[in-house]
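Here is what each chain is made of, one letter per residue.
Protein chains: 6
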Amino acid sequence: MKTVVVTHVDRAPGNAIKQLEELGTSTVHEALGRSGLMKPYMRPIYAGAKVAGSAITVLAQPGDNWMIHVAAEQCRKGDLMVVAVTADNTDGMFGELLGTSLKARGVSALIIDAGCRDIIPLTELKFPVWSRAISAKGTVKSTLGAVNVPVVCAGALVNPGDVIVADDDGVVVVPRKEAEDTAAKGIERVAKEDKNRARLAKGELGLDIYNMRGKLKELGLEYVDRLEDE
Amino acid sequence: MKTVVVTHVDRAPGNAIKQLEELGTSTVHEALGRSGLMKPYMRPIYAGAKVAGSAITVLAQPGDNWMIHVAAEQCRKGDLMVVAVTADNTDGMFGELLGTSLKARGVSALIIDAGCRDIIPLTELKFPVWSRAISAKGTVKSTLGAVNVPVVCAGALVNPGDVIVADDDGVVVVPRKEAEDTAAKGIERVAKEDKNRARLAKGELGLDIYNMRGKLKELGLEYVDRLEDE
Amino acid sequence: MKTVVVTHVDRAPGNAIKQLEELGTSTVHEALGRSGLMKPYMRPIYAGAKVAGSAITVLAQPGDNWMIHVAAEQCRKGDLMVVAVTADNTDGMFGELLGTSLKARGVSALIIDAGCRDIIPLTELKFPVWSRAISAKGTVKSTLGAVNVPVVCAGALVNPGDVIVADDDGVVVVPRKEAEDTAAKGIERVAKEDKNRARLAKGELGLDIYNMRGKLKELGLEYVDRLEDE
Amino acid sequence: MKTVVVTHVDRAPGNAIKQLEELGTSTVHEALGRSGLMKPYMRPIYAGAKVAGSAITVLAQPGDNWMIHVAAEQCRKGDLMVVAVTADNTDGMFGELLGTSLKARGVSALIIDAGCRDIIPLTELKFPVWSRAISAKGTVKSTLGAVNVPVVCAGALVNPGDVIVADDDGVVVVPRKEAEDTAAKGIERVAKEDKNRARLAKGELGLDIYNMRGKLKELGLEYVDRLEDE
Amino acid sequence: MKTVVVTHVDRAPGNAIKQLEELGTSTVHEALGRSGLMKPYMRPIYAGAKVAGSAITVLAQPGDNWMIHVAAEQCRKGDLMVVAVTADNTDGMFGELLGTSLKARGVSALIIDAGCRDIIPLTELKFPVWSRAISAKGTVKSTLGAVNVPVVCAGALVNPGDVIVADDDGVVVVPRKEAEDTAAKGIERVAKEDKNRARLAKGELGLDIYNMRGKLKELGLEYVDRLEDE
Amino acid sequence: MKTVVVTHVDRAPGNAIKQLEELGTSTVHEALGRSGLMKPYMRPIYAGAKVAGSAITVLAQPGDNWMIHVAAEQCRKGDLMVVAVTADNTDGMFGELLGTSLKARGVSALIIDAGCRDIIPLTELKFPVWSRAISAKGTVKSTLGAVNVPVVCAGALVNPGDVIVADDDGVVVVPRKEAEDTAAKGIERVAKEDKNRARLAKGELGLDIYNMRGKLKELGLEYVDRLEDE
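Residue numbers (our numbering), protein chains in the order written: chain Z, 1 to 230; chain E, 1001 to 1230; chain V, 2001 to 2230; chain C, 3001 to 3230; chain F, 4001 to 4230; chain R, 5001 to 5230.
Warning: the hint list may mix true and false statements.
Unchecked claim - Derived lysine to any residue pairs resembling SDA-like cross-links, with alpha carbons at most 20 Å apart: (1) K3141(C) - Y2210(V); (2) K5202(R) - K4217(F); (3) K1217(E) - V2004(V); (4) K141(Z) - K5215(R); (5) K5217(R) - E4073(F); (6) K1002(E) - A3184(C); (7) K141(Z) - R2213(V); (8) K202(Z) - L1216(E); (9) K4141(F) - I5209(R); (10) K3141(C) - K4217(F); (11) K1141(E) - M3001(C); (12) K5202(R) - L4125(F); (13) K2002(V) - L1221(E); (14) K2141(V) - E4073(F); (15) K4002(F) - E5222(R); (16) K2195(V) - R189(Z); (17) K5192(R) - L4216(F); (18) K1215(E) - E2073(V); (19) K3002(C) - N1159(E); (20) K5077(R) - L3221(C); (21) K141(Z) - Y2210(V); (22) K5185(R) - T2003(V); (23) K4141(F) - R2034(V); (24) K4141(F) - P5013(R); (25) K1177(E) - R3199(C); (26) K126(Z) - R2213(V); (27) K3141(C) - L1216(E); (28) K4141(F) - R5189(R).
Treat the hints as calculated values from the structure; they're not laboratory data.
Just need the whole structure built from these sequences, with the hints factored in.
Structure representation (structure tokens):
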């Protein structure tokens, strides 16, 4: 690991980021061709938050949050910090003081593949965090890591400047150059879903709306009144 | 696996289902002789929901929700869908569109041994889901499964028409033929507990209410002021 | 295992317990030199509870809550019950009836390295429980354990009379004799943090407040505009 | 749960059992239409064992092996004991003494959804066990369970008399009435695989042997020399 | 946490340690009244090792093996090192070089609630290690811990000088003062088991040897030819 | 996800690959600055294999091994196949037939973040596999994935052509361009360790060899004869 801080980060257009935030993770993940999702153990510390932002990435040692302080300086308003750790860890590497600091700098959220603490004050502060654990376990500041290098966070590759979308369904990474295209595809998708939702709400079946019956029959799905014997 | 849809399902009496819903999972599980409980990793997507209904069962492939569409057609008002998967999986195999569809058909809840997504819209829709995970991960529709065959869901055997009781404490399966008897036993149990609760609330000890002292002494429980040495 | 109930428990001064409760787990854990924390799988059954109390310890068999009844008699107002189990278990070993009993006796909370049930009634009762699982699984009363012996609960050693502090961030064990000293250190810590919080809220960086730049440079942290090649 | 011992068990034909044993779990699982597999956490205590036999089922309480003693009496030569537990548990519920007893009665193996101990003596005895854990943790004999009732073991439904096939790849349950048919299908499958193996060993590609190229193209798989840009 | 090295350790009599080693973990755990067992995730890096020794305890930070070097100096011939970590961790905190060092000083084994690496060279060296993971992940040497303080390792309390018994079934901790008594009880137990083993090997049932039939009947165990209906 | 097969792969020099294989994962991981390690749940199906090769990467759907067939055509002698899956999965996506095919084409090993089956025949074939699980669970061939795109496998980023080193300690990914440099650093490291090993084997302490005493004292490590009171 190079112990380096990269100071230049290219970001996606603000408009695309805004659209991706509105679309939410489930739609964005589909629009990306079902890729880019972090593992589902990443959960928000409080319900209802919905954010998108440009990733400032951190590679930290387990139980050592020094690099988060270093990364704070690299953040701009609207950024979102993504912290990957070099080994599985649940220590509370982020808490209220760091939340206060990031919020003051306009950072919109933190994504951390480790633990978070001070969840009551962070909730009052309205600073959303997605983490793999909640833990009061404090941390040291003794070993270097890196800022703004490509990282693997909760199973997903994140490059600095990628757009992170996070809500109650999880966290999705949109490669920076695909942000606009993905937003466009997502908007189309929503329009189509709105039509289908209206039909489903009236009691029409997906079997009919999506024309599934023929294919199911062809593949051999059989309808019987009762199972024999068993 | 037979790729089959069984269209006839015998259901338990509506009155027994209603009583089981009121009793809740903890009481029902006891009334069943402490059996029929799904594993505790099954959690509701929002707090406070309490349902019971006749099981429409689905056996699906991991990451493939095709059979849920097929099963929707087999549901009647008051039914509850139970989705088992052929391998451990956390993909978001159920979301808002399917929730809209099931709700329109009178289905009261979904139990799925995989992931759920769109939890904010599903919560607004008041369509409760118990799942092993929350995940934005989308799914395909490509491999057949089965509907209304016996399935193992979260460690519990579910036959179509069994009564499923679900609340914040978990999910219990009541074999269809035992529904009335179980409801009756549960009601008795509650009456007894009400008496004991009143005594406990006044500060009486379980040790005395349940006459435990003699048995404890007989088995050798010793009371000492302090541990020696240690 | 000695099947014994120890009836004498030395407790920490009430004032220190009160102070530790106000400080909360994250601060107390730091004030203890980052020790004494239970594993982060211990979660409260409802958000927002914050308690501290003297530990009445229970060593129980998996799926057997008999010793909790025995221990109830040993509790005084302000105590807090800690239940360790001899093997990993998620059964709902504690529910509303026991909660009613403990509340009637002035116990402030339960910490259990197993499952809890009746979470809706316990929430209404305002009796907080930290547990490793929520499960409707009922239990037997057939094998002896011990009360007020040293136990290992969720990875932490608990001696009877130790002060347990619990909130949304987790559960911390403060050795009885270190209670006052830890409270004092925690109060100092909070004062210091208050100052830093004010500076961070204004946008000052932790890098500067904590004088980190020199040390980071010395250890070789490099700042570059872009990564070469990659 | 009924606390009952069912003494009559119908078994599959010995010839089919023998054939299923030779086929092994991977082939049998395919021949069954990819169903009946226990979860992969079930591992043999030593490598190289390969068995099949008629299931004598046990439903036990966690940490209580009393019912295994009861079930021993119900076993015939060539049977195989399957132990399910009412809650997740890793206690060493089976060891050398019980292994000696079962071996003396002609039982060919034990499948247990809990822990096993004495693995060195059991290995010397050549009594194979598939378990979810290895643990020296001893057990009590205090609560009743059931013998020869349907059980869910490691996620699979097992009826008494079903054929269990176990080897280094895992454990498969073949419903008794499907034993002969499954064996026949497995034998066919092996013959076909033998031909394909010979072609693959010469360097032919599965792409060609299984005629996959057309379908892949039709679904849109693209071949490119390099990814653009990325 | 006090960052301290305690240089004086009281040890159990060598004869008792030798006897406990011969008895093995399953017997010792029973002789201790079924207590003192580490969690079953602790596994040996190679099969067949069987050791006992006096515990030299280490409390280390996750991913930091500095204190193991410090503890090496405190070991005598026949000791056994036990490493606890302040947070769950699987890093390879111990490898061949440290194994060479400990072996040279007469240490008989290492027990570590984290990862181990170099397992091929350690196996060749015949230096047994019980660990929670195998991992090539290297570690730093930057944060202090403690040596010869009481630690919780894999769920068990270990005081310096306690006797650790480890084999293929797991790891058991025998409090120093109970070593001789436990060894004596274990020897008795083995004698009794030898008699029972001989009877079981001849095909006698545990049901008869242990006189279980009366008690089973009394508790209500029923024998039926077939289950009704189901 | 682009459903694409990239046919051009740049590979590292054969000599560097050979050296990395000889160095093994623990040394290579250190030489890389402690990075590039896959998660420790990746285990070999048999002990003692030690390989290195150029990565041919596969991104597959859970339970679908179609892309492995597609990727086989892209492999050259000495390559090593790395299979990532779009969601956590343990199905046996690789078995003896595919092993025969890959071996025939000179592929040296398979790394798969899912399950493997046929472990006895694969062991006899001497085709090593590192996987997250062993499972007889068969798979379908119905959904496209990608070949030779960057993938995240067991938490590590793998680009096609990166050098994969695997042995009993785990699996390490060496970026292609860093292969030679890493091999050189590893060789240096081994030379240094050889000297230290000789000193440690004579009983010298790491404390002295690595000059740790001063730093430990400076940080405040205290030596005491006994702990007070506790």
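Comparing the hints with the structure gives:
1. K3141(C) - Y2210(V): Distance ~60 Å between K3141(C) and Y2210(V) Cα, so the pair is violated.
2. K5202(R) - K4217(F): Given pair K5202(R), K4217(F) is violated - Cα atoms ~66 Å apart, limit 20 Å.
3. K1217(E) - V2004(V): 11 Å, holds
4. K141(Z) - K5215(R): Holds: K141(Z) and K5215(R) sit about 17 Å apart, inside 20 Å.
5. K5217(R) - E4073(F): 15 Å, holds
6. K1002(E) - A3184(C): 17 Å, holds
7. K141(Z) - R2213(V): Holds. K141(Z) to R2213(V) sits at ~12 Å (cutoff 20 Å).
8. K202(Z) - L1216(E): Answer violated: K202(Z) to L1216(E) is near 62 Å, above 20 Å.
9. K4141(F) - I5209(R): 14 Å, holds
10. K3141(C) - K4217(F): Cα-Cα ~14 Å, so holds.
11. K1141(E) - M3001(C): Answer violated: K1141(E) to M3001(C) is near 38 Å, above 20 Å.
12. K5202(R) - L4125(F): 14 Å, holds
13. K2002(V) - L1221(E): 9 Å, holds
14. K2141(V) - E4073(F): 49 Å, violated
15. K4002(F) - E5222(R): Holds: K4002(F) and E5222(R) sit about 9 Å apart, inside 20 Å.
16. K2195(V) - R189(Z): Violated: K2195(V) and R189(Z) sit about 49 Å apart, past 20 Å.
17. K5192(R) - L4216(F): 67 Å, violated
18. K1215(E) - E2073(V): 16 Å, holds
19. K3002(C) - N1159(E): 18 Å, holds
20. K5077(R) - L3221(C): With Cα atoms ~25 Å apart, K5077(R) and L3221(C) exceed 20 Å; violated.
21. K141(Z) - Y2210(V): 11 Å, holds
22. K5185(R) - T2003(V): 59 Å, violated
23. K4141(F) - R2034(V): 18 Å, holds
24. K4141(F) - P5013(R): Not satisfied, since the Cα-Cα distance of roughly 34 Å exceeds 20 Å.
25. K1177(E) - R3199(C): Violated - the C-alpha atoms of R3199(C) and K1177(E) are around 55 Å apart, more than 20 Å.
26. K126(Z) - R2213(V): 29 Å, violated
27. K3141(C) - L1216(E): 17 Å, holds
28. K4141(F) - R5189(R): 17 Å, holds
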